[in-house]
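Chemist: Each chain is listed here by its residues.
Protein chains: 2
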Amino acid sequence: MKRSYRRRRVWLRVSVVTVAAAVFMPLPETGAAEPPACESKPSISRHHLLPANNKTVHWGYFSKSRAPTVYAHSGDLVTVETLTHHANDDAERMVKGDAGAESVFQWEKGSKGVDRRGAGPMDASIMGRGAGEGFGVHILTGPIYVCGAKPGDILEVQILDVKPRPSANPNYAGKTFGSNAAAWWGYHYKDMIEEPKPREVITIYELDTSGEVDWAQAVYNFRWVPQTDPNGVVHKIIDYPGVPVDHSLVKEEHGVLKGVRVPLRLHFGTMGVVPSEQDIVDSIPPSYFGGNIDDWRIGRGGTMYYPIAVQGGLLSLGDPHAAQGDSELAGTAIETSLTGVIRVVLHKKEALAGTVAQDLKYPLLETKDAFVVHGFSYANYLAELGDKAQQEIYSKSSVDRAMRDAFRKMRHFLMTVKGLSEDEAVSLMSVAVDFGITQVVDGNWGVHGTIRKAIFPENRQQ
Amino acid sequence: MKRSYRRRRVWLRVSVVTVAAAVFMPLPETGAAEPPACESKPSISRHHLLPANNKTVHWGYFSKSRAPTVYAHSGDLVTVETLTHHANDDAERMVKGDAGAESVFQWEKGSKGVDRRGAGPMDASIMGRGAGEGFGVHILTGPIYVCGAKPGDILEVQILDVKPRPSANPNYAGKTFGSNAAAWWGYHYKDMIEEPKPREVITIYELDTSGEVDWAQAVYNFRWVPQTDPNGVVHKIIDYPGVPVDHSLVKEEHGVLKGVRVPLRLHFGTMGVVPSEQDIVDSIPPSYFGGNIDDWRIGRGGTMYYPIAVQGGLLSLGDPHAAQGDSELAGTAIETSLTGVIRVVLHKKEALAGTVAQDLKYPLLETKDAFVVHGFSYANYLAELGDKAQQEIYSKSSVDRAMRDAFRKMRHFLMTVKGLSEDEAVSLMSVAVDFGITQVVDGNWGVHGTIRKAIFPENRQQ
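Residue numbers (the numbering used here), protein chains in the order written: chain A, 1093 to 1554; chain B, 1093 to 1554.
FYI, nobody ran anything at the bench for these hints, they're computed from the structure. Check each hint, because a few of them may be wrong.
A pair counts as met if it fits within one copy or between any two copies, since identical chains are not told apart.
[Said to hold, decoys possible] Computed cross-link-like contacts, DSS-like style, restricted to lysine-lysine with a CA-CA straight-line distance of at most 27 Å: (1) Lys1282 / Lys1510; (2) Lys1242 / Lys1440; (3) Lys1350 / Lys1460; (4) Lys1255 / Lys1188; (5) Lys1488 / Lys1282; (6) Lys1282 / Lys1328; (7) Lys1545 / Lys1350; (8) Lys1545 / Lys1267; (9) Lys1545 / Lys1460; (10) Lys1147 / Lys1255; (11) Lys1133 / Lys1201; (12) Lys1510 / Lys1147; (13) Lys1242 / Lys1510; (14) Lys1453 / Lys1282.
Construct the entire structure; sequences and hints are all you get.
Modeler: Now the structure itself:
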């Protein structure tokens, strides 16, 4: 395999140069020529390495004018490092000694490793929080340009492996840490019973890096108190991502959730391609292009299918989670840096008939055992809500609407992919499809519908 | 065990006499003396047999003035036959030759095996559908009077076994059948894409009675066409339960859902005690007292805990289902007659501290692996919506409200039963509790929250 190895090394050098040179670039018009990096498709698939650092991540938004970090052909593998945007809740455990994380979270007065955080104005003229205003919070690695991808095609992303990122602090060798923030955007926030209310509480969890222990446990929690960032802005609440928490100001309560073991569900909360409707799109509301779906089933062994909206697709992923329940009730999961191995497969629009991606206009998950459709309050909020969509979606969150959308998508899947009549599809939905509440914290709230593969003769494993 | 056997026989004789003599009776005032049948508690638990026939079922409602069919002491077992109210969708397969079912479904002009069907007026003066108006549809077996039960106590119901009721028609030996109605109250009904619309469609499913096959399959479906009942009332839609379908009028489409295997989930859609707020309560909307929760997890191995509202508790069960998805989207499950074996255990209010039933004000499910709380659009719609609650609940259905209620109940469970602080409970909910949509078809819509037992040291099986 020496040849393959050499090819990979060559690619890496080229790729890094590209990233350093041009963070934003004009997007080629649809129908434009493919970039030079795509010109010759190698005879065997390549395995790219995409580390997470301040050159390879974008923070809080999707953008069609963001320069690709990797140019991948259909069938290529990519090892992708992803960082949690909550690492600075406990920098000792989640940033210190980790060169990639340090480059991203670096922040001194007037200097940030990644300045823009969110889709808002760079001068923070609306809220004064900081560049990008925190309108969008997730650290996303990418984008990955998929050679030959055009609007109307479908991008398949197979998640071959997901592993926790070990703490780089020798004091915590063998451990990985994550943060759960019960935050102001949480579902519980205006509905508390204990004093003082409201309040934001961060719980730090730990897991074993070996992969042999399948649960996480709490280490301590603390109440958020106003934090002053290196630029002098005071954050009374968690309103900007990556603010370093000064642990001399907070009171760590150890011994919380004693004996409680949280089953691991390693997954990417946010993964998706770039929408065409607007540029610089808040990373928080999920939509037809995927994004912040926050379905814990999008982990190892899962395969996502996304409708491609712009040339190259431009896949990014991040918002890594160690565990999350259906609803992500308090606003976050166990937010933990993870490294994934994915394979990208391009399905051209003219070859979709008869596949699971036929006429697909929404993000579809296939797992070992099931197909899962993702419904939202608005199936395509950018198109449906117009120019102010990115603000208005937050006032239109609704589980009821998301259920309606999930019902329609599951019916579409059963009629299109499985060839059922509407009557067959509706009966089968009533007796065999499970609808669950994906999240109630991401503006465009989500309901997913799950149908098991064993139901269908063509999917049954005999 | 001869002694036990004789005692049971004695009881059975007494019980049948009671049922035949007084179907309705004045309820003893709270604090009244226990009925004579409860006076001497035997030294060992008894096993009662409660067949389903026109003397032991009530159709479409819960009522505190309904005479008990069984008087059980805490710890007693009851084998309970339950009948699906959809059996007359295909009487050949689901009624014919079955003496119990025939006695219930018997209907000739001016004579019905069970006249009242629903909580409406007996003279059908509102809609003209028939006695009880079909305001409530489920055939419920019972009630079971639990000796010593008082308001404020908790009734635990362990479901030890659930088995399908074989077809009594020799042409269908070894099979059990069920009906799925995609009906006018279904979630899809005003949101169809194929013509003609709207339409109601019934799909007949079959399962194996041996218990060795774990899936059901469709036999045929047909569109509902107007059916004239034996009293001459025309039912243009499925608006009254137990109307015999004339199969010379419908077109059976065989070969539907070809090759599709629906995984079995035998369970009781409706089980609960009697509410105190009103008498003759529509069986459709679930509430604090249980009732038509339609959670498919309420099957074999499950244990329900209900807050008791009236003396004796008065447990009834029915609405048996062979399979259902979370949402029961089209309005029904695979509606199939089942026989269960349950154990009733009474928990007196003064002994609830430190148990899973501490301060319990809602129906709680415990399975082998999990605890499940049940939230509704209105936690107690009878109390919250006042005199017109039974009508108004249908215009106030909301998944959003049910999610809010389920969140509050899960928080209550974690803080009360598991002793967590609010901050611990909220964090754990976000990372480990799954919220799903139980049903969107029962007026008082449902969301359930599930937390796995393995999370807690005291529930972990080492």
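Chemist: Would you mind marking each hint as holding or not holding in the structure?
Modeler: Okay, the hints, checked on the actual structure:
1. In this assembly of identical chains, the alpha carbons of Lys1282 and Lys1510 lie at most 27 Å apart only when taken from different copies (23 Å versus 43 Å within one copy).
2. For the homomeric pair Lys1242 and Lys1440, the shortest alpha-carbon distance inside one copy (8 Å) is at most 27 Å, but the shortest distance between copies (67 Å) is not.
3. Taking identical chains as interchangeable, the C-alpha atoms of Lys1350 and Lys1460 lie at most 27 Å apart only when they sit on different chains, with a minimum of 23 Å there against 34 Å within one chain.
4. Within a single copy, Lys1255 and Lys1188 get their C-alpha atoms as close as 19 Å, which meets the 27 Å cut-off; across copies the closest is 59 Å, which misses it.
5. For a Cα distance limit of 27 Å, the shortest separation of Lys1488 from Lys1282 qualifies both inside one copy, at 17 Å, and across copies, at 22 Å.
6. In this assembly of identical chains, the alpha carbons of Lys1282 and Lys1328 lie at most 27 Å apart only when taken from the same copy (17 Å versus 47 Å across copies).
7. With identical chains, the CA atoms of Lys1545 and Lys1350 are at most 27 Å apart between copies only, with a shortest distance of 15 Å across copies and 38 Å within one.
8. Taking the shortest alpha-carbon separations for Lys1545 and Lys1267, only the inter-copy value of 25 Å comes in at or below 27 Å, while the best intra-copy value is 36 Å.
9. Taking the closest pair of Cα atoms, Lys1545 and Lys1460 come within 27 Å of each other both inside a single copy (8 Å) and across two copies (25 Å).
10. For a Cα distance limit of 27 Å, the shortest separation of Lys1147 from Lys1255 inside one copy, 22 Å, qualifies, whereas the shortest one across copies, 62 Å, does not.
11. Within a single copy, Lys1133 and Lys1201 get their C-alpha atoms no closer than 45 Å, and across copies no closer than 79 Å, so neither meets the 27 Å cut-off.
12. When the C-alpha separation of Lys1510 and Lys1147 is checked against a cutoff of 27 Å, the pair qualifies neither within a copy, at 43 Å, nor between copies, at 46 Å.
13. In this assembly of identical chains, the alpha carbons of Lys1242 and Lys1510 lie at most 27 Å apart only when taken from the same copy (26 Å versus 53 Å across copies).
14. In the homo-oligomer, the alpha carbons of Lys1453 and Lys1282 lie at most 27 Å apart only across protomers (23 Å), although the nearest pairing inside one protomer, at 35 Å, exceeds that limit.
Going through the hint list in order, the structure does not satisfy hints 11 and 12.
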